[in-house]
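Chemist: Here's the letter readout for the chains.
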Amino acid sequence: AQSVTQLGSHVSVSEGALVLLRCNYSSSVPPYLFWYVQYPNQGLQLLLKYTTGATLVKGINGFEAEFKKSETSFHLTKPSAHMSDAAEYFCAVISRGGGGADGLTFGKGTHLIIQP
Amino acid sequence: NAGVMQNPRHLVRRRGQEARLRCSPMKGHSHVYWYRQLPEEGLKFMVYLQKENIIDESGMPKERFSAEFPKEGPSILRIQQVVRGDSAAYFCASSPPGTQYFGPGTRLLVL
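Protein sequence lines, in the order shown, are assigned to chains A and B. Following our numbering, the numbering of the first sequence begins with 82 at its first residue and continues without gaps. Following our numbering, the numbering of the second sequence begins with 421 at its first residue and continues without gaps.
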């Protein structure tokens, strides 16, 4: 069984400030990890993913995330927030070796608010 | 290079009617997943299909819901005798094995 916990249903930062969205997971086997972004009334867009290799992964729009196995975390960061970053962010996990057979398990999402 | 397509984007049904949601995966993708997003909740996995096969339906409600992915044509999520609690956004994703790419969703409203 696997689960994802996103700390903070709402995170508010000022424009230009650091963005940190937290994600912790539990999985009985090494996971694949994902961050998706959802703008209002739209589908989910993949921001970045970790499968194997380098634990610091870079995604689109200046976001990056670091897989820390010892902390079972995959926090999302961006050095400088932009107004266009305001959206809902979802962390997701899938068990490695599932061959795509299992669906993604999502966290409940974090609503990122950018203050001018 | 079209992405995952879903239609309709919005669907209104009265209680007791049937809802049919369609999903066309990205070109070259043979895996299709359906998810449901209820208000104030994250996405919940419903079903995973390959062509003509249901691989994992562990997230599907036991009654009224069914899904198919025929040899030709889009994947269909069918909800019979809809109730108000079925009102949600339904998302389809497609993939080769690995990363899933999501469609824009169908927002179902049951009156």
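Just so you know, these hints were derived from the structure itself, not from any lab. Do not take every clue at face value.
[What the hints assert, rightly or not] Simulated crosslink set (SDA-like; lysine to any residue; CA at most 20 Å straight-line): (1) B:K482 / A:Q123; (2) B:K464 / A:K139; (3) A:K130 / B:P516; (4) B:K491 / A:Q83; (5) A:K189 / B:P516; (6) B:K491 / A:G124; (7) B:K464 / A:S108; (8) A:K130 / B:H449; (9) B:K464 / A:T158; (10) B:K464 / A:Q123; (11) B:K447 / A:G124; (12) A:K150 / A:P121; (13) A:K189 / B:H449; (14) A:K139 / B:L458; (15) B:K464 / A:K150; (16) B:K471 / A:K130; (17) B:K447 / A:L127; (18) A:K189 / B:G448; (19) A:K189 / B:A509; (20) B:K464 / A:Q126; (21) A:K189 / B:Q437; (22) A:K130 / B:Y521.
[Said to hold, decoys possible] Distance ranges between label pairs, derived from CB positions: (23) B:R484 / A:Q123: 46 to 54 Å; (24) B:K491 / A:H91: 22 to 30 Å; (25) A:N122 / B:R484: 44 to 52 Å; (26) B:Q501 / A:E96: 27 to 35 Å; (27) B:E472 / A:S84: 26 to 34 Å; (28) A:P160 / B:Q501: 17 to 25 Å; (29) A:G134 / B:E472: 30 to 38 Å; (30) B:Q437 / A:A135: 49 to 57 Å; (31) A:I141 / B:G493: 17 to 25 Å; (32) A:Q196 / B:E472: 44 to 52 Å.
[What the hints assert, rightly or not] Heads up, incomplete: computed chain B residues facing chain A, CB under 7 Å, no partners named: (33) P459; (34) L463; (35) F465; (36) F485; (37) F522.
For glycine and all other residues, C-beta sits at the position ideal for the given N, C-alpha and C.
Chemist: Work down the list of hints and note, for each, if the structure agrees.
Modeler: These are the hints, each one checked on the structure:
no., hint, in the structure
1, B:K482 / A:Q123, "28 Å, violated"
2, B:K464 / A:K139, "26 Å, violated"
3, A:K130 / B:P516, "15 Å, holds"
4, B:K491 / A:Q83, "32 Å, violated"
5, A:K189 / B:P516, "25 Å, violated"
6, B:K491 / A:G124, "26 Å, violated"
7, B:K464 / A:S108, "17 Å, holds"
8, A:K130 / B:H449, "19 Å, holds"
9, B:K464 / A:T158, "25 Å, violated"
10, B:K464 / A:Q123, "16 Å, holds"
11, B:K447 / A:G124, "18 Å, holds"
12, A:K150 / A:P121, "32 Å, violated"
13, A:K189 / B:H449, "27 Å, violated"
14, A:K139 / B:L458, "30 Å, violated"
15, B:K464 / A:K150, "25 Å, violated"
16, B:K471 / A:K130, "26 Å, violated"
17, B:K447 / A:L127, "18 Å, holds"
18, A:K189 / B:G448, "30 Å, violated"
19, A:K189 / B:A509, "15 Å, holds"
20, B:K464 / A:Q126, "16 Å, holds"
21, A:K189 / B:Q437, "30 Å, violated"
22, A:K130 / B:Y521, "12 Å, holds"
23, B:R484 / A:Q123: 46 to 54 Å, "27 Å, violated"
24, B:K491 / A:H91: 22 to 30 Å, "45 Å, violated"
25, A:N122 / B:R484: 44 to 52 Å, "26 Å, violated"
26, B:Q501 / A:E96: 27 to 35 Å, "48 Å, violated"
27, B:E472 / A:S84: 26 to 34 Å, "32 Å, holds"
28, A:P160 / B:Q501: 17 to 25 Å, "51 Å, violated"
29, A:G134 / B:E472: 30 to 38 Å, "35 Å, holds"
30, B:Q437 / A:A135: 49 to 57 Å, "51 Å, holds"
31, A:I141 / B:G493: 17 to 25 Å, "32 Å, violated"
32, A:Q196 / B:E472: 44 to 52 Å, "51 Å, holds"
33, P459, "12 Å, violated"
34, L463, "5 Å, holds"
35, F465, "3 Å, holds"
36, F485, "15 Å, violated"
37, F522, "4 Å, holds"
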